[in-house]
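Numbering-wise, this note's numbering puts 185 at position 185 of the sequence shown, and it's gapless, one number per residue.
Warning: the hint list may mix true and false statements.
Stated by the list, open to error - Pairs of lysine to aspartate or glutamate residues, derived as EDC-like cross-links and limited to a Cα-Cα distance of at most 16 angstroms, are as follows: (1) Lys118 x Asp40; (2) Lys114 x Asp210; (3) Lys5 x Asp110; (4) Lys186 x Glu41; (5) Lys191 x Glu123; (6) Lys118 x Asp203; (7) Lys186 x Asp40; (8) Lys118 x Glu133; (9) Lys5 x Asp67.
Said to hold, decoys possible - Computed beta-carbon distance windows for the label pairs: (10) Asp147 x Asp210: 24 to 30 angstroms; (11) Phe36 x Gly206: 30 to 36 angstroms; (12) Ala34 x Gly182: 17 to 23 angstroms; (13) Gln202 x Asp9: 22 to 28 angstroms; (14) Val178 x Ala34: 25 to 31 angstroms; (15) Asn68 x Gln183: 26 to 32 angstroms; (16) Arg148 x Gly206: 54 to 60 angstroms.
I should point out that these hints are in silico values taken from the structure, not numbers from a laboratory.
The structure presented is a predicted model; accordingly, all values stated were derived computationally and were not measured.
By construction, the Cβ of each residue, glycine as well, lies at the ideal position given by its N, Cα and C atoms.
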Amino acid sequence: MQLIKNYVDLRALFRDNSERFQPLFDAYMPGFEAAFPDEDEREDGDTYKGYFADDSFDWHMLALLADNGDVLGGIQYQVRGRFIWGEHIWLTPEARCYTNFRQLLRIATDDWRKTGAKYVFMEFNDRSKMSWEQLKADAAAGLATEDREVLWARMGLYVLHDSFGRLPVYWQSGMPTVDKDGQPCKGSPVKYLSLGFYPLEQDAAGKAVDLTGATLDVQEYLDLCMEAHETIPDVDRETDEAILWYRPQLEAMIAAGETKFTFARLADTVVERLVRNRFAPRPQDVEKVAKAA
């Protein structure tokens, strides 16, 4: 099995007009597209090149390389103040092993800490929101949804929850795509994702700080989602389907007096989350019932 030995930021190669860029980019994209088969969950190569060229958009694509230069995986992220949005993180099926996964995480966290950000947030495929067909598509891409979640849990990923133990509402805004006739169009929202968080700050022993019990304002979560999604081409918070779905629900939470989410380890929430997503009421629903009574 090939092991990750180094990496290169394709953004830097593009902006330096390096001769290495196009061959590496061409080698990168097929593996990336195979790892994320849902076209609504990713963008095309031309869009990513536009991100590289944008001076105001701090967006990066790290290609993880073997000794011989083969692309074994990638890390795509954007810097958003004290937050990093880890958009896509992947390994080719042939490179999936504990050693490469740990190396991927070391490269990612070292690179992210250089930005001065405090947290990374990233989407993960949430089994509690997925259909059987979506679960099968995940497995066909080389890694079952449950196995993906186990990896992120072992990494130390955190999730947010409300006072009822439920994760925040979330859809990802649709990415640019093409229709059946090959014409550009806006993709559908991705509805089976949830957000996970990872702390970049370290304690005196050099370990990531424990976020368990810490809080994040619901308003900050809402702003974070809207601002991140507005970096996707053609997304506007006043018209985007995903934002128009989650924004009023989060604003209703705030109006009902539920103003903070609490962090918990993903590893500690799996069974409870699967159940609560089906059956637990949300704070704004409780408020409606109270008013009706």
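Against the structure, the hints come out as follows:
| no. | hint | verdict |
| --- | --- | --- |
| 1 | Lys118 x Asp40 | 29 angstroms, violated |
| 2 | Lys114 x Asp210 | 20 angstroms, violated |
| 3 | Lys5 x Asp110 | 15 angstroms, holds |
| 4 | Lys186 x Glu41 | 12 angstroms, holds |
| 5 | Lys191 x Glu123 | 11 angstroms, holds |
| 6 | Lys118 x Asp203 | 13 angstroms, holds |
| 7 | Lys186 x Asp40 | 9 angstroms, holds |
| 8 | Lys118 x Glu133 | 36 angstroms, violated |
| 9 | Lys5 x Asp67 | 6 angstroms, holds |
| 10 | Asp147 x Asp210: 24 to 30 angstroms | 25 angstroms, holds |
| 11 | Phe36 x Gly206: 30 to 36 angstroms | 32 angstroms, holds |
| 12 | Ala34 x Gly182: 17 to 23 angstroms | 21 angstroms, holds |
| 13 | Gln202 x Asp9: 22 to 28 angstroms | 23 angstroms, holds |
| 14 | Val178 x Ala34: 25 to 31 angstroms | 18 angstroms, violated |
| 15 | Asn68 x Gln183: 26 to 32 angstroms | 40 angstroms, violated |
| 16 | Arg148 x Gly206: 54 to 60 angstroms | 27 angstroms, violated |
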